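Counting in UniProt numbering, the sequence shown runs from 1 upward without gaps.
No wet-lab data here; the hints were simulated from the structure. Just so you know, not all the hints are guaranteed correct.
[Claimed, not checked] The calculated lysine-lysine pairs, modelled on PhoX-like cross-linking and capped at a C-alpha distance of 25 Å, are:
| # | residue 1 | residue 2 |
| --- | --- | --- |
| 1 | Lys99 | Lys122 |
| 2 | Lys36 | Lys273 |
| 3 | Lys162 | Lys326 |
| 4 | Lys119 | Lys162 |
| 5 | Lys240 | Lys273 |
| 6 | Lys137 | Lys326 |
| 7 | Lys273 | Lys326 |
| 8 | Lys36 | Lys137 |
| 9 | Lys580 | Lys326 |
| 10 | Lys152 | Lys411 |
| 11 | Lys99 | Lys152 |
[Said to hold, decoys possible] Restraint-style ranges between C-beta atoms, simulated for each label pair:
| # | residue 1 | residue 2 | range |
| --- | --- | --- | --- |
| 12 | Val583 | Lys326 | 37 to 47 Å |
| 13 | Ala435 | Asp588 | 20 to 30 Å |
| 14 | Gln64 | Cys584 | 35 to 45 Å |
| 15 | Asp539 | Thr587 | 37 to 47 Å |
| 16 | Asn105 | Pro291 | 53 to 63 Å |
| 17 | Asp325 | Asp215 | 33 to 43 Å |
| 18 | Thr587 | Thr246 | 40 to 50 Å |
| 19 | Thr168 | Thr38 | 32 to 42 Å |
All values derive from a computational prediction rather than experimental measurement. Yeah, the Cβ is synthetic: ideal placement off N, Cα and C, and Gly gets one too.
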Amino acid sequence: MHMQMTCFDYVNDRPNHGGSLAKLATLIKKARYEAKETGATCLLFDNGDTFQGTPLADLLARDQISGPHPMVAAMNALDYDAGGLGNHDFDYGSAHLNKLLLEQNTPIVCSNMISSELKTVKRHVILERALTDQNGKLETFRIGVLSSLPDKTALWNRHQLKDRVEFTPPIPALRSAAADLRAQGVDLVIVLAHMGFSFFDEGPEAQNLVHEVADLEDVDIVIAGHTHLRFPGPDHTGLKNVNTVTGHVHDTPVVQPGPTGNDLGVIDLTLQKTDTTAIWDMAGAKIALWPTDQSTREDAELVACTQSVHDQTRQHLGQQVTYIDKPMHSYFSLCHPSPIPALLAASKHQAIRKMVTGTQYADLPLLAAASAPSTGGFDGPDNFLFLANGKVERRHISGMNPYANHVWAVKTTGAQIRDWLERSALIFNTLAPDAPNQMLINPHIPSFRCDFIYGLSYTIDPSRPPRFDASGQIVPGARGRIDDIVWNNTPLQETQEFLVATTDHRASGGGLFKVFSPDEIVVHGHAPLQEAVMDYLSDPDFDALRATQPWSFPEGIGRTAILLTAPEAEHHLDDIARLKPEVCGQTDEGFLRIRITL
Numbered sequence: 001m002h003m004q005m006t007c008f009d010y011v012n013d014r015p016n017h018g019g020s021l022a023k024l025a026t027l028i029k030k031a032r033y034e035a036k037e038t039g040a041t042c043l044l045f046d047n048g049d050t051f052q053g054t055p056l057a058d059l060l061a062r063d064q065i066s067g068p069h070p071m072v073a074a075m076n077a078l079d080y081d082a083g084g085l086g087n088h089d090f091d092y093g094s095a096h097l098n099k100l101l102l103e104q105n106t107p108i109v110c111s112n113m114i115s116s117e118l119k120t121v122k123r124h125v126i127l128e129r130a131l132t133d134q135n136g137k138l139e140t141f142r143i144g145v146l147s148s149l150p151d152k153t154a155l156w157n158r159h160q161l162k163d164r165v166e167f168t169p170p171i172p173a174l175r176s177a178a179a180d181l182r183a184q185g186v187d188l189v190i191v192l193a194h195m196g197f198s199f200f201d202e203g204p205e206a207q208n209l210v211h212e213v214a215d216l217e218d219v220d221i222v223i224a225g226h227t228h229l230r231f232p233g234p235d236h237t238g239l240k241n242v243n244t245v246t247g248h249v250h251d252t253p254v255v256q257p258g259p260t261g262n263d264l265g266v267i268d269l270t271l272q273k274t275d276t277t278a279i280w281d282m283a284g285a286k287i288a289l290w291p292t293d294q295s296t297r298e299d300a301e302l303v304a305c306t307q308s309v310h311d312q313t314r315q316h317l318g319q320q321v322t323y324i325d326k327p328m329h330s331y332f333s334l335c336h337p338s339p340i341p342a343l344l345a346a347s348k349h350q351a352i353r354k355m356v357t358g359t360q361y362a363d364l365p366l367l368a369a370a371s372a373p374s375t376g377g378f379d380g381p382d383n384f385l386f387l388a389n390g391k392v393e394r395r396h397i398s399g400m401n402p403y404a405n406h407v408w409a410v411k412t413t414g415a416q417i418r419d420w421l422e423r424s425a426l427i428f429n430t431l432a433p434d435a436p437n438q439m440l441i442n443p444h445i446p447s448f449r450c451d452f453i454y455g456l457s458y459t460i461d462p463s464r465p466p467r468f469d470a471s472g473q474i475v476p477g478a479r480g481r482i483d484d485i486v487w488n489n490t491p492l493q494e495t496q497e498f499l500v501a502t503t504d505h506r507a508s509g510g511g512l513f514k515v516f517s518p519d520e521i522v523v524h525g526h527a528p529l530q531e532a533v534m535d536y537l538s539d540p541d542f543d544a545l546r547a548t549q550p551w552s553f554p555e556g557i558g559r560t561a562i563l564l565t566a567p568e569a570e571h572h573l574d575d576i577a578r579l580k581p582e583v584c585g586q587t588d589e590g591f592l593r594i595r596i597t598l
């Protein structure tokens, strides 16, 4: 859910037409009514990443607004049967998560977590329901619920968790827990797998393991998540042992609803008890996604439980931070240097410069890495930033910093910086000649996996194959896409040492980047990135931000490609005049298609 309580976009301060828990509540009540009318049993599950994802969630976690937590209240009101945990549920630390779980009635499961602090979280839950078999006999049906999440969660959130929570590899944990449930006489095993499908070989530390979970002997049902894709449906076309029409993986029923309340995932099971063995068998399974659309009404009870903190959030986010005299936006951030990543980089640079002054690292050259936030992607054509002339408010800063990341600095070398840039360049498809409708951006690589490094200048050539594959492994013989790296008017030297201002997430290997060792992480900032941005904006230099252009595509490589952006971008094509933009209509999802020439 990512804390999308209602259909409201806090960054743009307006209602939206997307999903929400309030809309899902309407579909949940519909599903329960239909089950009651037919005498069926209905179970409701949540699959994690529940408590993080909106400015409302951030402000509640930092105690900057007050009142009952709306997600806890909503889940209690909807009477969930069980829930799992997602990696982002740990973004505010285990103490905050524990506080929320203590207030919640929903049983929470995590089968691959070890923690003495989160005592309410169970390895498994067994639910008992009364069912009538095909002969009219009333039976007690026992459902075992397991849950897992990527074991790298402890690494991604090591700053927040500080070794208080450990995660073990999901597949061995689930295999063992499912066998234990069978030994206890459970009739059906459901796994809430906070992970998605792998589109490529992720190597020995794979995190998206739905194929493997669905293939476990004692697992009957899988509910997937994490990757913000949908199943069944076309998002997973072409994957082995996956039926995107019926919703089966290795013949196991699997459902993956879209994020932020865009779908209710529904699995309708037909069960029957065999006369010879008295064992319940799955006679059939119909898997479907019930989408929330503009016609889906929000549930009034759910809206009401959010109203107080919603109003406080809007008031807080409406506070003025600074003024700008020219618009800033993220429409072209993935094809041309943008002032928004430049602002994030400048804020990190300033924060780290202050922290290293007077230390042994003060004389090292300082660079700053920043990704491009709000560039469409899975979240659609509304997921772009536009700051008009006039006041900049806190909501705009939240839009630039959708995650609860902190500013850190790592000590690294020129060679490692080159690899950092090469990993980032994976976001671009390999462009072929004479293919005017090829897509510039790889849709399976989110923009947070692409860093631009400020303080350097360099070129990115997407006509060449990437040096790293999608799992982060080096492609043998690949030259890569990064050229002409210059620092201080001289070519980058592989052995030269630098400090790079970044985030705790990136320093911990988030996005399939290098995991920096404790010795390499030389600054651990304790304040969120948003505070660093606010500090920079107390005395900003917007002209410098607009003039900062660390990267470019090489001139004249003879390629054209399509960039997907917001429809409003059509009014700002002069910003990328060098790329000779041509408007080519809109997609079914509402993205503007712009053909650019490299």
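How the hints compare with the structure:
1. Lys99 / Lys122: 16 Å, holds
2. Lys36 / Lys273: This hinted pair holds, its Cα atoms lying about 21 Å apart.
3. Lys162 / Lys326: Given pair lysine 162, lysine 326 is violated - Cα atoms ~43 Å apart, limit 25 Å.
4. Lys119 / Lys162: Status holds; Cα separation ~17 Å.
5. Lys240 / Lys273: Between lysine 240 and lysine 273 the Cα gap is close to 32 Å, so the pair fails against 25 Å, i.e. violated.
6. Lys137 / Lys326: 73 Å, violated
7. Lys273 / Lys326: Answer violated: lysine 273 to lysine 326 is near 69 Å, above 25 Å.
8. Lys36 / Lys137: 18 Å, holds
9. Lys580 / Lys326: 22 Å, holds
10. Lys152 / Lys411: 22 Å, holds
11. Lys99 / Lys152: 23 Å, holds
12. Val583 / Lys326: 37 to 47 Å: Violated, since valine 583 and lysine 326 (Cβ atoms, about 23 Å apart) do not stay within the stated range.
13. Ala435 / Asp588: 20 to 30 Å: 21 Å, holds
14. Gln64 / Cys584: 35 to 45 Å: With a Cβ separation near 44 Å, glutamine 64 and cysteine 584 satisfy 35 to 45 Å, so the hint holds.
15. Asp539 / Thr587: 37 to 47 Å: Roughly 41 Å apart at Cβ, these two residues keep to the hinted range, so it holds.
16. Asn105 / Pro291: 53 to 63 Å: At roughly 28 Å between Cβ atoms, proline 291 and asparagine 105 fall outside 53 to 63 Å, so the hint is violated.
17. Asp325 / Asp215: 33 to 43 Å: Once the Cβ atoms are compared, 59 Å apart, the range 33 to 43 Å for aspartate 215 and aspartate 325 is violated.
18. Thr587 / Thr246: 40 to 50 Å: Because 27 Å falls outside the window, the suggested range is violated.
19. Thr168 / Thr38: 32 to 42 Å: 40 Å, holds
Checked against the numbered hints above, the structure violates hints 3, 5, 6, 7, 12, 16, 17, 18; every other hint is satisfied.
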